[in-house]
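Join the two chains into one complex using the hints; note that each chain is given alone, in its own frame.
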Amino acid sequence: MSDVDILQVTTFVVIVLIVAAWYLSYAAARLDRLHAKAEGAMSALDAQLVRRAEATLELANSGALDPATALLLADAATESVERTTEHPLAEDLLDGQHFGGREEVESALSEVLSVTLTDDVVTRLRADGDELVDESLDRIASSALRVRMARRFHNDAVREVRRVRGKWVVRVFRLAGHAALPERVEFDDDLPSALAR
Amino acid sequence: MRIGIVCPYSWDVPGGVQFHVRDLAEVFIGQGHDVSVLAPADEDSDLPSYLTSCGRAVPVRYNGSVARLTFGPVTSARVTRWLETGGFDVVHLHEPVTPSVSLMALWAAEEPVVATFHTSTVRSRAMHAANPLLRPSLEKIRARIAVSEDAARTVRRHLGGDTYIIPNGVHVDAFDVAPRRPGWTGTPDAPTLAFLGRVDEPRKGLGVALAALPAVLDVHPRARLLVAGPGEADDLLKRVEPRVAAATVVLGAVSDADKASLLRSVDAYLAPHLGGESFGIVLVEAMAAGAPVVASDLSAFVAVLDGGRVGVTFEAGSAAALGEAVVGLLADPARREHLSREGRDRARTFDWSRVSGQVMAVYETVLEGAHAELAEPPRGLWSRFVRSVPGTGGS
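Protein sequences, first through last, are from chains A and B.
For what it's worth, our numbering labels the leading residue of the first sequence as 69, then goes sequentially.
For what it's worth, our numbering labels the leading residue of the second sequence as 17, then goes sequentially.
Since no wrong hints were added, every one of them can be taken at face value.
Listed next, the stretches of chain A that the computed footprint assigns to chain B, with coverage defined by at least 3 CB atoms under 8 Å from CB atoms of chain B: (1) 98-108; (2) 112-122; (3) 209-219.
To be clear, the hints were calculated from the coordinates, so they are not data collected in a lab.
Where a beta carbon is used, it is the ideal one built from N, C-alpha and C, also for glycine.
So that you can see chain B by itself, here it is in the shape it has in the complex (with noise of 0.2 Å):
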């Protein structure tokens, strides 16, 4: 099957739309698929040979943070061309209401189109102003995909209607079998805890777990927070006690394998992000590398940990919680390995392998309805005229 794929994100900079991206098209091309991704990116830089260019992505303030989005008439050229030329059976879209390259491709695409949405931020502007601009256009998407029920949720909000719920994906294998690390690996009087994502964005919550730190410390004294994400923590480490501050570890921005084999090799992962938070793949690697999850109640986690029957869930913000969570499951390795076991198992679901297998099932249903309609080509001038109207989908 020919498959153009449009990420609306820079491709140089890291984040979960981009990775999402990037894994499917790897896998479909494994699968013998042919892929063809468009994305904003540094053509300078080195590119995979699926990837094409859409142009370089702009900063720009949207939706209440800075994102880096391409727009204007070189990028919409450049969208139509490599329609164009791909001859795709399908077009999947990713986040088609951001301004940027999916919404172009939306506008200009002829082909089935399948969408996916990702974000789940309440104060979504964008999809709102979508009304009624852009609802021509949506209704050439044929089969809408929701990566989770809070994202699903969004959309039925500013779009109304349903999706099909397709979680995102991870390569569980990669997780399962990574080295431990000595240097990372707790013992009992010494156990270690791991936290994964940006140090300087307060969503994550990295300031949660330094506020739960000193509970942990007053029962395990040589207790050791590895952090491991991009950003300056010199200004959180700086207020907090010394004790906390010794015990722990910034690690920076670290490899996949690194962050495979911290996960491997830790106690406990602890995610106590604030909010938005559309999915939580940070706790199914930790789930598949075996790492017990303790996580903020989030409704997309909730979700992830099966209900919560696969991790400890802790009241979101609350360092008291958290340090009670993690003195619990710290004190009780039979109900650690348990978690381990059953988080193992629960990561298969979200399997590439599985996961794939469903976005391919929603191409082949979407293309046997596409194939059933009725070719009926427009006759004459007028019609053409009035089908022709760009982000309508004539042809």
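Here chain A stands alone, though its shape is the one from the complex (with noise of 0.2 Å):
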């Protein structure tokens, strides 16, 4: 009788051990993908970034502005350029996801490209038919655009990291492991109105 009561409890324990044993192997897998897509969201926004500020420069120096505009806009662009290879984002993403405080730089950005690049410059800019400054242009307008997309991507794949990681689960067992807690990344990325379109 008491043979049979301890082979219960036995096979009892061991069944409980092995689906909790599934269960954080499971969130802990969980977490990991949604740590990988918050990653993979901070790159693509750092690559559209990068693109940004490359296309900005070169109509900078495109000789089509005014010294003044185009001045303005290296500066602008320049500072974005030397922060991303200052503090490449492979270490960003190794320490856990930071921005490395380039919110400031690319707000910069963002509004000096909308205080130049008015109606009327862009019209009177594509109106000279300049294959450069054209291509440059677009370029501006393609790359602002997934700046606007990625960082809401991102932004989203953080929240939901920081759900889950919310979880009592995950923060008993540790789940996450050293991973640092993503942060949401919030800057100015309006578009000029003449590159919405």
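Below you can see the structure in the form of structure tokens.
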């Protein structure tokens, strides 16, 4: 009689342990995928920001703009390019997805783009028919649009990571390992209205 | 790019989501992309070559109305086969929380997933029930698109988080060049007004338009209201004044070409909807055709009209306000001319050339992120067992 009881209890305990182990691994794998998604979204955002800064520099150096405008654009774009090269993203990713304090620099570039590339200026630049200028305007427009998208997708992924990491199972069993908590990236990413169409 | 698009509603039945998917697929095919659409459809009917049917749709009560959806093991197997043979770079799901084929595809997909939310139903029990059963699958979505601020608000309320807003598209040029019909064209003493939409669905507001007509007929006795759309109007017309019934011309369901001609011909297009609209594609079509728009002040409509700037809005449901707005507009040809010009301009924002470009930008952004992730294949039996839970995106 007591033999059967011990067998039953052992079986029960083993089953519970297997289920618990499976659930923990499952939760860890799910969190891992969410982290990967957030990292991927961050690197997409980064790539578009670099593209935007490079295209802006190209336009500034094209000679099609007046020197004051060109200098403003070049200044803001150089700042952005320098910040990316000084703080390579790989490093940020390793120590947990921080944007490296670039928010202000990128906001500044958005602002300068909006102030300088007004509807009139863009219409005039387009009318000149310079192929290189046209191309850099197109590249600024397309990368700025993708920056907007990538930032939202990234922030949405961050929200999901943070929600899952708030669960008690994840906290008690430290399923997140050493991965730092990702953070939302907030900066002004408005497109100049002339480039928004 | 190889794109797989999933539409949850029956392809045989006309509807906003179906038209959106059809146009999007055709625009991308025109640009040289490889597109396959998966949707419920009657296999005996004439289907486009890019469409794969996942079975016949069944009418079911769902979220307060009857929807034609597919579900069950056979459909599920077809979805899996479509994904396996498709080899898609990106899978674009429409209405992913509708219990139909989009949800199944979300469950099964291993490809990067983009999802578009169309509804703005306040009482969206489906989205609410989605917690927490569907949470892990929803986490597979890398980019969430909403068709309007209203749809985005619904997503935020039920699922939380942000969406990127990309409006529905319209082939603006098709409306701009449609020929005018003499029978539908208004004259100064016999102006014409248009109503489009199901006539027997109270939400579309034909009742409001008919109730507003006496005020218009007092000033313009020879005015006519042209009603285009499927459904039986007899019941409604029996209950109105004889002169209103006489001034109402019921055209029935019309072809796309006739719809464009109708909007090109009339002096004003009326959108007296009472609610439940998340976008308002007909308003864009009317603007593209150059018809001045008189619309109820639903937030989705006001947004399409650029804050009400490119149309006349009135309090939703108020026949008196609609009558007053129409009489005012008919008395002011300069304003009609102005609205027509501004509306044409505004409609350009919704042209497929622009809308498809934005959708493609979403695909590219998502792919860039997906490629940046370290591809780490699961090692060992246990790891595979853990990761292969259906609906969680394991591979």
